[in-house]
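Assemble chain B onto chain A, guided by the hints.
Sequence order for the protein chains is A and B. Counted from 1, the first sequence has number 210 at position 210 by our numbering; the numbering is strictly sequential. Counted from 1, the second sequence has number 187 at position 187 by our numbering; the numbering is strictly sequential.
Heads up, some of the hints might be wrong.
[As the list claims (entries may be wrong)] Okay, derived cross-link-like pairs now, PhoX-like style, lysine-lysine, Cα gap no bigger than 25 Å in a straight line: (1) A/Lys246 / A/Lys179; (2) A/Lys214 / A/Lys203; (3) A/Lys214 / A/Lys246; (4) B/Lys155 / A/Lys386; (5) A/Lys468 / B/Lys155; (6) A/Lys228 / A/Lys214; (7) A/Lys156 / A/Lys111; (8) A/Lys451 / B/Lys155; (9) B/Lys155 / A/Lys568; (10) A/Lys111 / A/Lys87; (11) A/Lys109 / A/Lys179.
Derived by calculation from the structure, the hints in this document are not laboratory data.
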Amino acid sequence: MTEPVKPLSTKVRIAASLPRRYRAEQRFRLYGRAAIVLAISALALLLFSVGAQGFSAFSIYRFNLPLHLDAKLIDPKGTEDPAIIAKGRYRKLIQQALSDAFPDVRSRKDKRQLYALSTGLNSVSLRNRVVEDPSLIGTAIRYTAPLSDDLDLYLKGEITQRHFTNEATPLTIDQGPAKILTLSGSPDTFSAIMDQLRRSRHKAATRLDAQAAKLRENLQTATAEVAKIQTTRIEELATKADTMRKDANAATLTLGANDPSILLGFHKGFIKATEISPHSLSGKVLRPPTSMQDVQNWRVLRLDLPERARRVSDQQAVWAESLLQAGFLKRSFNAVFFTNADSREPELAGIAGAMVGSILTLLATMLAAVPIGILAAIYLEEFAPKNRLTDFIEVNINNLAAVPSIIFGLLGLAVFLNMFHMPRSAPLVGGLVLALMTLPVIIIASRAAIKAVPPSIREAALGVGASKTQTVFDHVLPLAAPGILTGTIIGLARALGETAPLLMIGMVAFIADIPKSLSSPATAMPVQIYLWASSAERSWESRTAAAIIILLLLMIVLNLTAVFLRHKFERRW
Amino acid sequence: MQNLLPLAMAALVVLTLIAWFHGRNRAVASAGVHPSALHSLPGYSGAYLAIWAGLPAFLILALFGLFGNLVVDQLLRHALPQDIRALPVEQLELFVRNARALAVGGTASETSPALLDAAQTYASLSRQSHVGVMVLVIALTTGGFFFARRQISAKFRARNHVEAAIFALLVACSAIAVLTTLGIVLSLLTESLRFFSQINALDFLFGLKWSPQTALRADQVGQSGSFGAVPLFAGTFLITLIAMVVAAPVGLYSAIYLSEYAKPSTRRIVKPILEILAGVPTVVYGFFALLTVGPFIRQTAEAVGLGAQTQSALSAGLVMGIMIIPFVSSLSDDVINAVPQALRDGSYAMGATQAETVRNVVFPAALPGIMGALLLAVSRAIGETMIVVMAAGQSANLTANPLEPVTTVTVQIVTLLTGDQEFDSAKTLSAFALGLVLFVITLGLNIISLRVVRKYRERYD
Chain A
1 MTEPVKPLST
11 KVRIAASLPR
21 RYRAEQRFRL
31 YGRAAIVLAI
41 SALALLLFSV
51 GAQGFSAFSI
61 YRFNLPLHLD
71 AKLIDPKGTE
81 DPAIIAKGRY
91 RKLIQQALSD
101 AFPDVRSRKD
111 KRQLYALSTG
121 LNSVSLRNRV
131 VEDPSLIGTA
141 IRYTAPLSDD
151 LDLYLKGEIT
161 QRHFTNEATP
171 LTIDQGPAKI
181 LTLSGSPDTF
191 SAIMDQLRRS
201 RHKAATRLDA
211 QAAKLRENLQ
221 TATAEVAKIQ
231 TTRIEELATK
241 ADTMRKDANA
251 ATLTLGANDP
261 SILLGFHKGF
271 IKATEISPHS
281 LSGKVLRPPT
291 SMQDVQNWRV
301 LRLDLPERAR
311 RVSDQQAVWA
321 ESLLQAGFLK
331 RSFNAVFFTN
341 ADSREPELAG
351 IAGAMVGSIL
361 TLLATMLAAV
371 PIGILAAIYL
381 EEFAPKNRLT
391 DFIEVNINNL
401 AAVPSIIFGL
411 LGLAVFLNMF
421 HMPRSAPLVG
431 GLVLALMTLP
441 VIIIASRAAI
451 KAVPPSIREA
461 ALGVGASKTQ
471 TVFDHVLPLA
481 APGILTGTII
491 GLARALGETA
501 PLLMIGMVAF
511 IADIPKSLSS
521 PATAMPVQIY
531 LWASSAERSW
541 ESRTAAAIII
551 LLLLMIVLNL
561 TAVFLRHKFE
571 RRW
Chain B
1 MQNLLPLAMA
11 ALVVLTLIAW
21 FHGRNRAVAS
31 AGVHPSALHS
41 LPGYSGAYLA
51 IWAGLPAFLI
61 LALFGLFGNL
71 VVDQLLRHAL
81 PQDIRALPVE
91 QLELFVRNAR
101 ALAVGGTASE
111 TSPALLDAAQ
121 TYASLSRQSH
131 VGVMVLVIAL
141 TTGGFFFARR
151 QISAKFRARN
161 HVEAAIFALL
171 VACSAIAVLT
181 TLGIVLSLLT
191 ESLRFFSQIN
201 ALDFLFGLKW
211 SPQTALRADQ
221 VGQSGSFGAV
231 PLFAGTFLIT
241 LIAMVVAAPV
251 GLYSAIYLSE
261 YAKPSTRRIV
271 KPILEILAGV
281 PTVVYGFFAL
291 LTVGPFIRQT
301 AEAVGLGAQT
311 QSALSAGLVM
321 GIMIIPFVSS
331 LSDDVINAVP
341 QALRDGSYAM
351 GATQAETVRN
361 VVFPAALPGI
371 MGALLLAVSR
381 AIGETMIVVM
391 AAGQSANLTA
401 NPLEPVTTVT
411 VQIVTLLTGD
421 QEFDSAKTLS
431 AFALGLVLFV
441 ITLGLNIISL
451 RVVRKYRERY
461 D
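So here's chain A without its partners, still in its complex pose:
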């Protein structure tokens, strides 16, 4: 702009501007491409994150233990009365089986921890098995049940990574004071472990430094009172970090509550390291070794998350590892997930109840919405005179298609539940609410399909003497059927994924049975997903994602059917 503007011919001026304009063109194209890539990668990220989280829920660790069905605990008087057998102490039997697997566990506290390996609800399945076949009483059986969800997560490595290292350097065992063993070997046997520990302590110290630095930053803006508290806090953090560093560099490391757990396995036993020097390691016995002879092969299990920060104790981890090594624990397909209804215990929770609920709800939706939708479309397209009223109906339907789904839930609550006193939580009511929601979709799709049938068909039918009704029902409707069907399936697929209206009519309750009829309390798959997603425990996450995978698969099947029908029967006139 600073140089004087020279009069240029238009041609030259345009030629000069061309590079800039072409660059703009390229940029514009790039924006378009970027937008599409962004949208598609968002979809990919969504599917990937759900898939990655849900994958692990399709398998589960189940224990398989010998269990003695002690008659004393089930039917002490030998009455063989089913009512008495049903009241047997099955929970105790399962606990007995676990105790038998770990006879060294004595103290009450330890026993309670051990029994937590199997949820109390497992006794129900054992009871059912015995009630069905009372001849089992007094015999020994193999008892299979899902492992508690926390340990399942632990074994899947989702609580903290299980770092195993196998070693083959000889060690000697020295019996220390009560429950303490010391293992000694050549110098440097344990150096690698110590290095790991030191690194993790240094890392923790750095984290403390960062915290202190952040507080210091806030100091300027804080009031005098707050600043005082924060200054002491900063000093605390600094001393803590210092001690940590000093401890990390000591020749002998003493493990504390903030350190990773180091578990040493040998001779089928496990000890938890409490003190490590390069040539020796002492630790608390978590599972006694079978012999005290010199060790040749041993392994180290390192759990980086400190014990107090996780729901699985080192003791429980050791039991699970021992069971796994002895072959009493197996990872297998999580069939329970597909056969059970909801449960308070994640390992016993399944999607079957919600799936049946969804099917019943969809059935009610289909029975109500499909005939009404198609008939309404026929009226509007074939019979309705063009006047104010039909215009109003048309605008109405278009608007109804865009009303938020939750409003339909409010309608259902006010009309079906509060006015008609229909049962709460019932698939029938849910189905009707979803039917009202799907109706506009079906009407719009059916009208388009009917409109696509050429007038010549109608004229030919009328020409040979058919009445208007006969023309529509015998000639137009069959030709429009594929289009109607496609639109209907798409509408139903959308109803299958709908959650909000179902929350309003109480289909959000905890329901532990598979619903049996249209009026029994039920929940639906998307609602189940919502319920599980709002649960705090970690193991629900993978189950939620697994339920989503199943729901998405169902929807994909429905949509593919629609696409297939469209391709197979589509006719261009």
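Showing chain B alone in chain A's frame:
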């Protein structure tokens, strides 16, 4: 008594079928040796007879199924002793519910001699009403059957009558769509009016404090309940804004690229993929926002030294934006495609590049339609429930900071109406008032946008 109804329905279906066959045979017989003498096909006579025999009884049964319990409840209320009828509404309601439960063999939350008496009354009333309805149904069926049977003859215009009935059915079905709207408006209005009789409408619309916990007893202090909905409107607006900031550019640019630049083969693949985004259930987006996007935003914010929570307006808005991308893109795509090719050709002939043509010719020409599409997307975002319920939080913050949790109109409706509800309390009713606001706003947006889109289409057709 309860399972008598399906049985009666089944019997009615069988009777109707019998009537159909009988009517058909009778028509054939009346024509004698000259079937061509029949005015209508014999099937129509059958259908005529079946309609007369089955339809009135069917309607009575359906009405009884829907309202039977209500009628019996009402009768019971009148038959109750004076002291119980004087109970407050809630307790009376509970009493009736318990009596009903006892009468049908269910479990009641309490029992008392008065309740057992009431249960017996209920059972006998219920029995009487069932018997009455059955008698009525039998009378209607036989009456209809014999009335229609007499009319059937060779000359009888059965087809015309049946077609009139079909026509009535068609009209009734189309009326259901209107009835739905009417039902929505009426139910929202009546409940909202009850709410506004307790709470001033202006306080509701312009109040700045939302805490719907009301006192359960009159002497309780502290929980007065305040229903100022402005924080909810602000939260809804904030999340919608974030969603549109994501969805509008991404959706528009993809629509422009797909309709102006992409090869047909690319378009065939990309369009369905974008539409998958619209088909994913919203609860799945909620899960994604809660467990993937929320934690990511929190960590990122903490890394740059900002305080943030897993539930935030930003995570809900971002994910909602992703959800409405396909709405914006497919609607805009339609609109852009509707711009006549002549406009583009004219622009190219003047020497404009493709981007210049899109920006200066196609886009302005399509602008009204695009605005309609955006408005529709906004209405979608405002009414969206699951994503915000799961990812935006429950606390009614009046804030413009997208990293803080906010709450929206739909979240509050869900929170207020799930779980235990108090009968007739302002807390429960306020959900309907919120629903009314939501309905009015989305309806307004829809009407405007549909009108704009339609008008625009007409201009170029």
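Hints and how they fare:
1. A/Lys246 / A/Lys179: violated, 29 Å
2. A/Lys214 / A/Lys203: Holds - the C-alpha atoms of A/Lys203 and A/Lys214 are around 17 Å apart, at most 25 Å.
3. A/Lys214 / A/Lys246: holds, 23 Å
4. B/Lys155 / A/Lys386: Judged against 25 Å, a Cα distance of about 34 Å means the pair is violated.
5. A/Lys468 / B/Lys155: Since the Cα atoms of A/Lys468 and B/Lys155 sit roughly 21 Å apart, the hinted pair holds (cutoff 25 Å).
6. A/Lys228 / A/Lys214: holds, 15 Å
7. A/Lys156 / A/Lys111: It holds: about 24 Å lies between the C-alpha atoms, which stays within 25 Å.
8. A/Lys451 / B/Lys155: Violated: A/Lys451 and B/Lys155 sit about 36 Å apart, past 25 Å.
9. B/Lys155 / A/Lys568: Distance of about 45 Å is beyond 25 Å: violated.
10. A/Lys111 / A/Lys87: It holds: about 23 Å lies between the C-alpha atoms, which stays within 25 Å.
11. A/Lys109 / A/Lys179: holds, 16 Å
Consistency with the previously given hints fails for numbers 1, 4, 8 and 9, ordered from lowest to highest.
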